[in-house]
Amino acid sequence: MKLVTIIMNKRIEFYTEASMNKQKIESLWHFYSVYNISLAITGFEDKNIKKKNRLMSRLIESQANGKFDFPTYNKLVNFSKNDMKVIEMAIEQMEIKQEAGEIFGDNHRKGMFAINRYD
Amino acid sequence: MTDLIPINQVFSQIALKKLAYFGGSTLGNDVYYLKEFLDMMINIIGEDRLVNLLSNDSAENKSVTNRLGKEWYSSKGMRRRLIKFDKRVDDTKRAYDTLDTNDLKKKDTDSYKVFLKNAQNISVIKPDLYALFVFVISCSSIQKMNIRNEDFKIFQQKGYRATGELNKRKVGDRIEPKAGGS
Numbered sequence: 123m124k125l126v127t128i129i130m131n132k133r134i135e136f137y138t139e140a141s142m143n144k145q146k147i148e149s150l151w152h153f154y155s156v157y158n159i160s161l162a163i164t165g166f167e168d169k170n171i172k173k174k175n176r177l178m179s180r181l182i183e184s185q186a187n188g189k190f191d192f193p194t195y196n197k198l199v200n201f202s203k204n205d206m207k208v209i210e211m212a213i214e215q216m217e218i219k220q221e222a223g224e225i226f227g228d229n230h231r232k233g234m235f236a237i238n239r240y241d
Numbered sequence: 029m030t031d032l033i034p035i036n037q038v039f040s041q042i043a044l045k046k047l048a049y050f051g052g053s054t055l056g057n058d059v060y061y062l063k064e065f066l067d068m069m070i071n072i073i074g075e076d077r078l079v080n081l082l083s084n085d086s087a088e089n090k091s092v093t094n095r096l097g098k099e100w101y102s103s104k105g106m107r108r109r110l111i112k113f114d115k116r117v118d119d120t121k122r123a124y125d126t127l128d129t130n131d132l133k134k135k136d137t138d139s140y141k142v143f144l145k146n147a148q149n150i151s152v153i154k155p156d157l158y159a160l161f162v163f164v165i166s167c168s169s170i171q172k173m174n175i176r177n178e179d180f181k182i183f184q185q186k187g188y189r190a191t192g193e194l195n196k197r198k199v200g201d202r203i204e205p206k207a208g209g210s
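Which chain is which? The protein sequence lines are B and X, in order.
Residue numbers are given in my numbering: position 8 of the first sequence equals residue 130, and the series is strictly consecutive.
Residue numbers are given in my numbering: position 31 of the second sequence equals residue 59, and the series is strictly consecutive.
Nothing false has been slipped in among the hints.
Cross-link-like lysine-lysine pairs, in silico, PhoX-like; alpha carbons within 20 Å at most:
no., chain 1, residue 1, chain 2, residue 2
1, B, Lys172, X, Lys145
2, X, Lys135, B, Lys189
3, X, Lys90, B, Lys219
4, X, Lys134, X, Lys121
5, B, Lys203, B, Lys146
6, B, Lys144, X, Lys141
7, B, Lys219, X, Lys172
8, X, Lys90, B, Lys169
9, B, Lys124, X, Lys45
10, B, Lys189, X, Lys145
11, X, Lys134, B, Lys144
12, X, Lys133, X, Lys145
13, B, Lys189, X, Lys141
14, X, Lys112, B, Lys172
15, X, Lys181, B, Lys144
16, B, Lys172, X, Lys104
17, X, Lys181, B, Lys146
18, B, Lys124, B, Lys219
19, X, Lys145, B, Lys146
20, B, Lys207, B, Lys197
21, X, Lys134, B, Lys146
22, X, Lys134, B, Lys189
23, B, Lys173, B, Lys197
24, X, Lys145, X, Lys121
25, X, Lys133, B, Lys189
26, B, Lys146, X, Lys141
27, B, Lys173, X, Lys145
28, X, Lys181, X, Lys134
29, B, Lys144, X, Lys133
30, X, Lys45, X, Lys172
31, B, Lys124, X, Lys172
32, X, Lys135, B, Lys146
33, X, Lys133, B, Lys146
34, X, Lys135, X, Lys145
35, X, Lys90, X, Lys104
No wet-lab data here; the hints were simulated from the structure.
Chain X extracted, bound-state conformation:
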């Protein structure tokens, strides 16, 4: 029996943001955020502890998770594959960042074509990666948390809302009284 792994509130918030970006994007850009989330969670949980948990898992998907745990440090194990996977995902993310719009609606630009060329190198079905993803969520305290709806739509709209309307007064500045009185 293992205790459900508690995640610090700050890390939970960061993890939820990454998951929202993962949920809201496509064509390899989502996998970049998935990979970031996994890297963070592996560091929080601890690699050895995670391997131990994976090897002793007894849920429905145990054939995959147990194999992942047992082969983690081997030459074809998940550890090596995650490191190799980094480069491909980084290329896709770099290509995505050069796009004019976040919502992938301008399809005839050169940058969109470069983005697609990178995306075609990433396989759409990755059972091992997603098994690890579901496992990491299910054994940590973030499984009960909620993601804000706006966070999912960052890539559909034009990023974060403009902050132009905010009052940019510095904290220590004195507010000058109006000439009319009150």
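Chain B with its partners taken away, still in its complex shape:
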């Protein structure tokens, strides 16, 4: 899963870069993209998905209308503080898998049997 780790790391980099450049919506989008991947890795279930999607949609709409909605933005930022924990767990999980792969050989998805071959 090296490829997924690379994409996640790059997204986190872009998230930091966008928040430094005050690109609020872009940074949140990058963040939630990493969060999406983290959910798929850890298998966690988020019960506030609809709420967060609605908030994000409202935020984008406010930007399109020229009046940035700061209360909605703050609500999403508050959500993101908790969601960061899921991302941290996903990254930890990936690191453990990678380390185990280095010691015991390649670690593939459960039930997948892999052999080295040249196509």
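Assemble the complex: chain B is given as a structure, and chain X must be docked to it using the hints.
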């Protein structure tokens, strides 16, 4: 037990490019490339084989992947949802293509507003789509590959580098000797 699905080298390169574009863009434009990647991988792996793999998955996210596999062909299944999703994503991509700059820094233009209006229709959290995305990568041989750093930044800079400095001599053209000798 299933064999890790080998992906042809040419398709791997195309898939990696699409993933890089996905990683480097935002506001629905990224989802367009994600969708393209998924469409390609579904065709390479084979739909029936993928459904079978999803239904028998036993990784951490198996509750989602197994459901995706079992409901794939149903009216609310992933197959239908992917087709419906096409239109929204295409609209966003079309709006993105009309923007003056790739990096989304000119925020007061009309085309940027149209782009945002389209982006607001795409939900930011899509667990099913991303579960399929991670699954497709994890069961294929591209999972160990690497993406070039420059490919991620296509949307941050001004697209590909200009090719103006390249020598445009045709393959069969003869190089004329210089007047001075050597």
